[in-house]
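S.K.: Chains as they are written, first to last, in the numbering used here: chain C, 1 to 296; chain V, 1001 to 1351; chain Z, 2001 to 2340.
No lab work stands behind these hints: they were computed from the structure.
Computed from a prediction, not measured in an experiment: that's the story for all the values here.
Beta carbons are placed, not taken as given, at the ideal position from N, Cα and C, and that holds for glycine.
Some hints could be false.
[Stated by the list, open to error] Residues from chain V that face chain Z, not an exhaustive set, calculated with beta carbons under 7 Å:
id, residue
1, 1147
2, 1176
3, 1203
4, 1206
5, 1207
6, 1214
7, 1215
8, 1222
9, 1226
10, 1279
11, 1286
12, 1290
13, 1292
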Amino acid sequence: MVQAVAPAMIDDATIERSPGYWSTVWRRFRRDPVAMIALGVIVLLILMAILAPYIAPHDPFRGATLRRLRPPGTPGYLLGTDELGRDMLSRLIYGARLSLFMGVTPVFLALFIGSAIGITAGYVGGIVNTLLMRTIDIIFAFPSVLLAIALSGAMGAGIVNGLISLTIVFIPPIARIAESVTTSVRSLDYVEAARASGAGALSIVRKHVLGNVLGPIFVYAMSLIAVSMILASGLSFLGLGVRPPEPEWGLMLNTLRTALYTQPMLCALPGIMIFITSISFNLLTDGLRSAMDIKA
Amino acid sequence: MASDTVMTRAPAAAQATGSEPVRPLLEAADLVKHFPIKSGLLGRSNAVVRAVDGVTFSLYPGETLGIVGESGCGKSTTARVLMNLIKPDSGNVLLNGRAPGTPELSLKAFRSQVQMVFQDSYASLNPRLTVEDSIAYGPTVHGVSGSDAVRRARRLLDRVGLDPRRFAGRYPHELSGGQRQRVNIARALALEPKVIILDEAVSALDKSVEAQVLNLLLDLKEEIGLTYIFISHDLEVVRFIANRVMVMYLGRVAEIGPTDALYTGGRHPYTTALLGSMLSMDPDERTMEAPLAGDPPNPIDPPPGCRFHTRCSFAESVCSAKTPVLTVSGTGHFTACHMVDPGSGHSKAAA
Amino acid sequence: MNTMSDPILDIRGLTVTFGGGPKPVRALDGVDLALGRGEVIALLGESGSGKSVTLRSILRLHPPKRSRIEGSIKVEGIDVTSLEGRALESFRGKTVSMVFQEPMLAMDPVYTVGQQITEAVRNHEKISAADARARALEMLTLVRIPSPARRLAAHPHGMSGGMRQRAMTALALASKPRILRADEPTTALHAPVQVPILLLLRELQRELGLSMIFVTHDISVAVEVADRIAVMYAGRIVETGTVRDVIRTPRHPYTIGLLSTRAHGGRLEGHRLPAIPGSPPDLANLPPGCAFAPRCAIAADACRASVPEPIDLGSGHRVRCFRTAETVNKVAALAPAATS
């Protein structure tokens, strides 16, 4: 074995760097047309929500009884008006704000809390794991819809309460995934090697576990966004969660029930928006999952 | 470049010849580790896997101790107990006479002196870290600054034969098996240990690559003055690289002694059978019969007394009644067999 | 070329390419191989040598969409490359059968060994269930499994490694194939368990007149069982000959290197192993000349310029090398003194 390069040269030499994991994932993701379209749709929806005041033609709260339930195509009201005479298009555009918010926020919060619980349980193992995970399982045993309704009902209607109940619904599945992934990573040789070099638990989790575990957990959480949106819509439909007159797609489905036989197209519109959004999130997560599955 | 220098024999023999006795570097005393098998509702364990059941040996500075045995004999578990990755149920490990995890020797200090290279070169490296980050991690844990650790990592890469300019910024999946094992060796060296345990470290490599890595290990040992424990199922390789060999069977030590003594004149029937099962390289002298009958029994329910007696052609009633202990059977050579133990009651034992 | 008169397996010019696109991988390049009746031939090589690809090509086990096969493979005179569908299926298993490296992966964990053998037999022959069961018992006895009648009712996971390997061999032999292929049959086994399996393979060859072609990276396995050895490197056969010729008088620098790498014989304590420097080539980026030239200590310009054709050294010993004049009687001395 020959010392090919003098020590000083080694230290200062520029080394070739391979692209990191996430840039490779992005490159692969970019080549997936379906995933890119889904991403585009979501970006558009977010933009729509942000720019609502600038693109909505009318005030979403201003209604007039004389203009009730006009069909789509009515001049001045592109998608018609709802049961209180408010412009559907504007309400749909503004509705994106709350619907997306109610979809993303609980999942984001649950991601944080659930990961902390799951990773701790997975890494420490033993009795801590049993205690944490069995508690989680008890909550998980309730069907999510019923749990959301029960919690919201108990706390009362309102956006904040709706957020809290949805977050609680999503903590168990995320915690379970986090625990499962952490447990499998923990038994891998490189974690053993890290322990063998004398590192403490926190350092190992930070350097070795998190990087390998957060990816799969994140992707799983993303797939829950669609569920969260639908659950939130369901809650508002039932009169929990978002309350009128706030524009929110699920709530709009509820209040437009009366028009089901007279103007069915109007009823369908908020449902279509929910559908488009949740499909896009699902396709996005599918694409992410394939992109992240890099086989050496 | 050391190509033909003959290394000095390990001082294993010095101990018994009466000259200045060399203190062992690492000692394992009566290590026991059982794994409960969980069954039933509450996970109560009805049976245990007796992975390691009373293993005692010493490792002397500068030597290479080979550990051989079939699967289930406990060699990997022993390695992990030595590394303190698994806590033994009883027995202790001493480094220079001190136990890790005591005030005399902190666990961290112990860890920096005893390192390990694993078999699966791919699973041993964090797929999200570059090669140099993986190597530099250990030193940073022990207080070396980030930039110093990276510098050390790059120098080690060069030492193990990988050009740091090409390899330091790469990820494990971009390297071949042989290259990954070199990285693992560099990682083990990063803490400047005295002992490196190689657990089937070259078993998964192609033969030509294996030869390169073995040469590297020999060179490093000479240059740095390392001591190795070399666990392998490849008896040829162990014969080449080890000064002393320890044969394990079902969680116990069957025989331990200088390599030549075991390979040419093993005293334990299992040793002769195992080492005699090496395949022939002479087409005219092919192996004509299987040296060992049957399959190794389960470590869950080992036979009483001498664990090998069910497959041993010399077994007598005493073998199932009494457990043999390691007895002197030559210079630095110990065998756990009743035939070697005078007064054991075996017909072949010297009275 | 090949002095064999009536080989049971005759491969000529086999070239296998994987993947279309910008970087096709040429896994095999012009492989010529002949297996005589009742003969055992070992394909020896490391990862990427093409030995497993050769084995699988015999049964056309590669997905047709992504692989291209050129050349001819004749089994008992029938060209396998032209078989399709039903004919191909009945050919597989009936005439040519396979034993794998990992018996647990090759056998169905849900069914007992007896059921699997019975099913395999009835797939290829019209015999009654009772007769098929009798054949299963006959097979298990043939492979020297202890208590064969009991093993009929056993599941694969309920057996030890060595017994599973025997059961898998019984399964492979159930339909009385003419050719048995084995892919690293003993690699997953420990040394003491390897020997009985190898002895069994030798016995089967003797008793049944079975022709065998097996793949291994372990030279000693080849020595123990094979009549002839074909050494493969980067998709080509670089040396073929009787086992004595190849082991005692290897003429290709790669073969010589492989043999010197083994620390056999006495202990070379303290001496470094003569190791072949470098690593096997990337099959998508093969050099224009001899694939081994970059690692060869005696490579000349001619070697880098063009691929050597096989040279006949007598009695069926063939080598693909331009430098055979240098490799006479140079077993250990030729091994490059390596800087790893």
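S.K.: Confirm or reject each hint.
M.R.: Each hint, compared with the structure:
no., hint, result
1, 1147, "29 Å, violated"
2, 1176, "6 Å, holds"
3, 1203, "10 Å, violated"
4, 1206, "4 Å, holds"
5, 1207, "6 Å, holds"
6, 1214, "6 Å, holds"
7, 1215, "5 Å, holds"
8, 1222, "9 Å, violated"
9, 1226, "15 Å, violated"
10, 1279, "4 Å, holds"
11, 1286, "5 Å, holds"
12, 1290, "4 Å, holds"
13, 1292, "4 Å, holds"
Against the hints set out earlier in the document, violations occur for numbers 1, 3, 8, 9.
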